[in-house]
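S.K.: One letter stands for each residue in the lines below.
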Amino acid sequence: MFARLKPCTASLAVLALSGALSAQPALAKGEVSIGFQQEPTTLDPTSDATAAIDGIVTHNIMESLTTVNEAGEVLPDLAESWTISDDGLTYVFTLREGVKYHDGTDFDAEDVKFSFDRAMAEDSENPTKGIFKPIAAVEVTGPHEVTMTLNNKDAFFLFNIARGDASIVAPESVETNKSKPVGTGPYVFDSWTRGDRLTLVRNPDHRDADKVAMDKVTFRFISDPAAASAALMAGELDAYPGFPAPEMLPQFEADPRFAVVVGSTEGEVILAMNNAKPPFDNVEVRRAISHAIDRAAIIDGAMYGRATPIGSFYPPHGPAYVDLTARYPHDVAKAREIFETAGVDGSTMTLRVPPFPYAMRSAEIIQAQLTEAGIDAKVENVEWGFWLDEIYKKQNYDMTIIAHTSPNDMGNFARGKTYFYGFEDPEFTALWDSISTESDEAKRVSLLQDGQKYLADNAIHGFLFQMPQLGVYDARLQGYWSSSPVLFEPVANLSWAE
Amino acid sequence: MSYFLARRIAGFLLTLFVVSIVVFAVMNVLPGDPALTILGLDSTEEARAALRGRLGLDEPVVQRYLAWIGGALHGDLGQSYSFDVPVSGLIAERLPLTLSLAVSGMALTIGLALTMGLTAAARHGRAGDWAIMLLSQLGIAVPAFWLSMLLVLLFAVKLRWLPPGGFPGWGDPVAAARSLVLPTVALALVQSAVLARVTRSAALEVMRQDFVRTARATGFAPRHVLWRHVLPNALVPIVTIVGLQFAGLVTGTIVIENVFYLPGLGRLLFQSIANRDLITVQALVMLFAAIVVTANFLVDIAYVVIDPRLRAQRA
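Note that the protein sequences, when read in sequence, are chains A and B.
For any residue, its number in my numbering is found by taking its place in the first sequence, counting from 1, and adding 291.
For any residue, its number in my numbering is found by taking its place in the second sequence, counting from 1, and adding 651.
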């Protein structure tokens with residue numbers, strides 16, 4: 292559009308002001324600048340759930356006993372290896388030797404015990420304290436050996452302790468981690484200008500330091516999609532892994548300077564229904580709603596076609612995925628008929644929507660689809676704090692739209708009537724118990740498939756689509772993940788193509 | 652004059668006191684639990700209770716208000732819930748940027764508006780007047796954030812003369828100034844459109860008066876008459892609007908700072924509301940209120956300075 296602008300019409304006083312000043316220097320090799328939509332509040336992943344904290348700190352600055360790769364497989368990290376007793380209740384971790392924190396103190400088994408005890412303590416403010424619930428005790432059984440005993444088997448234990456919430460911290464630095472995080476990771480915290488940027492520098496003493504290509508990583512906090520897009524176009528940013536605006540992707544796809552990557556995340560987007568409240572306590576009504584919604588139209592309209600539909604509550608890239616999207620084909624006549632039989636046709640249902648673009652856009656389309664099926668659907672856009680209070684805590688809602696971004700979160704349906712789903716069924720709770728304690732991979736996969744089928748059959752919610760990971764990258768950048776099985780992503784793998 | 656000053660200062664303090672109560676009350680009835688916002692959907696009730704206890708959110712509202720206002724009187728604005736650092740530090744970090752932006756935006760606004768307004772008045776009814784009024788109509792109609800995006804697309808993306816946003820810090824004054832050019836222009840273009848119209852009408856009003864004709868008849872150059880005789884007598888309505896606009900500029904930085912991702916107070920306010928960082932929001936709203944009240948106070952003083960008749964009345 293600007294090609295047609297004549298230079299004279301564009302030049303104002305600004306030209307005189309800025310024309311003489313030089314253009315910005317390009318980023319040096321060995322440096323990368325990454326855009327984030329969200330800014331971290333603090334820098335301690337063990338005390339705050341803000342996803343950007345994990346994105347920056349976890350497995351870059353701080354490490355955990357285990358880690359997870361792009362495929363979601365658990366790998367050794369600060370624990371070199373481990374053995375599990377036959378009953379699945381005792382884990383013996385052998386820790387790496389010679390590891391140092393960034394402040395020069397040594398890492399040993401006492402640090403592991405300290406970190407876990409801190410997260411499990413009564414006054415703990417750990418954001419996912421639940422993952423530590425199965426642990427009965429953590430004991431130091433050698434300078435570099437830790438033994439953990441569990442109360443009950445936990446199939447997700449090794450996966451969960453890879454999370455930022457289970458980062459290994461040192462007693463010497465724990466008090467200052469919120470503003471100056473100290474860990475054992477491949478990057479050292481350098482500086483943070485709140486509201487603008489945060490920089491990390493390579494840790495030359497890390498065990499894998501010779502494999503780390505980027506000397507300096509700068510995170511820039513740009514929440515507005517248009518501003519982020521301009522920053523990429525102007526060369527201020529080399530990567531934006533969680534690009535928030537699918538409608539802006541075509542301009543990057545058409546530009547050879549960029550690579551656009553559409554991957555998957557652990558985020559299931561659902562049309563949540565308050566199962567405790569009539570008429571949503573009636574499975575037939577919930578099924579009718581599932582028939583009334585047309586996922587293809589929602590994905591096209593809300594996500595510009597960049598998402599995979601789901602028919603239950605499990606990510607399509609997972610090993611146990613079953614395609615249940617055909618369980619309730621889009622059928623307006625059928626939905627209308629069920630609504631009539633159940634006596635809810637013409638009744639009013641409210642859709643309270645949090646302030647996220649995916650949710651607000653989906654809501655408008657779902658409203659139209661429900662109206663077509665004879666329901667008077669109302670959309671109420673609410674603010675996030677309001678959503679947390681009214682919907683999540685007080686269950687004061689008919690329907691809402693939300694992405695559940697945690698991995699292995701089918702257990703949400705076993706959280707009882709007080710969870711905002713308002714759903715409880717001993718049959719499913721028992722099923723989830725066996726899933727979460729089953730250590731045999733094949734058996735667990737089969738149980739997870741049963742779980743997906745149960746949730747689809749009972750149409751607990753309207754299952755919409757898997758939240759995509761939309762990333763815009765400099766075409767020369769290598770080593771990033773296209774999908775996110777966890778909330779963190781190591782930057783140690785990034786490099787520039789020769 | 653001292654009576655006048657004392658009355659104004661009492662009014663200033665009373666305004667802040669009322670604002671503090673309103674802000675505190677509003678923030679406390681607003682739905683949303685800071686602990687749940689910070690710890691997220693997967694947190695346990697136990698952990699949230701521990702955090703609420705540490706933040707002092709369990710205490711009765713009146714007690715919390717007294718503790719807050721008592722601390723504020725001693726310069727202690729409390730500890731930010733979400734950033735977990737002193738609020739005064741957060742504000743001190745960001746105030747210079749927002750003030751620079753507001754002051755430079757105001758200066759550019761006044762410069763542009765006076766030039767455009769007086770030029771239009773001088774060419775009253777002719778093409779120049781018509782063109783400037785059309786431009787200012789456009790300026791009033793265009794939202795600042797949209798204009799910002801256009802400026803970024805042209806000067807940062809297409810021409811690459813200026814950064815698209817961000818702030819490198821004061822350590823490098825040239826880079827700092829460069830990053831403020833586009834935000835300042837975006838703020839000023841829209842604001843100056845309003846002020847230009849006010850300037851034009853005020854000037855036209857004055858130009859009808861006899862002393863202007865006398866000045867012209869004496870043989871002064873039209874430009875001299877305009878800037879030396881017309882402008883000083885048209886200043887009262889202009890200064891009134893400038894005072895209102897300064898308040899508007901300070902709050903206008905909220906939008907501009909988000910579009911240009913500048914780490915100023917506006918962005919902090921935006922983030923703090925989203926994070927349910929009530930204590931930071933309270934401090935910021937109080938600060939914005941203080942700035943607005945101060946601006947009005949300065950306008951009142953300015954009246955006395957520019958209009959000798961008011962001085963005579965007060966004396």
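Hints should not be assumed to be uniformly reliable.
Stated by the list, open to error - So these bits of chain B aren't anywhere near chain A, every CB distance computed over 12 Å:
#1 667
#2 779
#3 815
What the hints assert, rightly or not - Where chain A lies over chain B, by a calculated footprint (3+ residues, C-beta under 8 Å):
#4 683 to 689
#5 692 to 698
#6 717 to 730
#7 764 to 772
#8 882 to 893
Hints listed in this document are in silico derivations from the structure and should not be mistaken for laboratory results.
Glycine residues also receive a C-beta, built at the ideal position from the N, C-alpha and C atoms.
S.K.: Within the assertion that chain A covers the stretch 683 to 689 of chain B, do at least three residues meet a Cβ-to-Cβ distance smaller than 8 Å?
M.R.: With 5 residues close enough to chain A, the hint holds.
S.K.: Hey, is residue 667/B genuinely clear of chain A, shortest beta carbon separation above 12 Å?
M.R.: holds (26 Å)
S.K.: Just checking, residue 779/B versus chain A, shortest CB gap more than 12 Å?
M.R.: holds (17 Å)
S.K.: Closer than 8 Å, Cβ to Cβ, for at least three residues: run that test on the stretch 717 to 730 of chain B against chain A and report holds or violated.
M.R.: With 0 residues in contact (Cβ-Cβ under 8 Å with chain A), the coverage given for the stretch 717 to 730 of chain B is violated.
S.K.: Counting residues of the stretch 764 to 772 of chain B with a beta carbon closer than 8 Å to any beta carbon of chain A, are there 3 or more?
M.R.: violated (count 0)
S.K.: Given that the stretch 692 to 698 of chain B was listed as covered by chain A, double-check it with a C-beta distance under 8 Å for 3 or more residues.
M.R.: holds (count 6)
S.K.: Are there at least three residues in the stretch 882 to 893 of chain B whose beta carbon sits under 8 Å from a beta carbon of chain A?
M.R.: Per the Cβ count (0), the hint is violated.
S.K.: Beyond 12 Å on every Cβ pair: is that true for residue 815/B relative to chain A?
M.R.: violated (4 Å)
In the structure shown, a violation is registered for the earlier hints numbered 3, 6, 7, 8, in ascending order.
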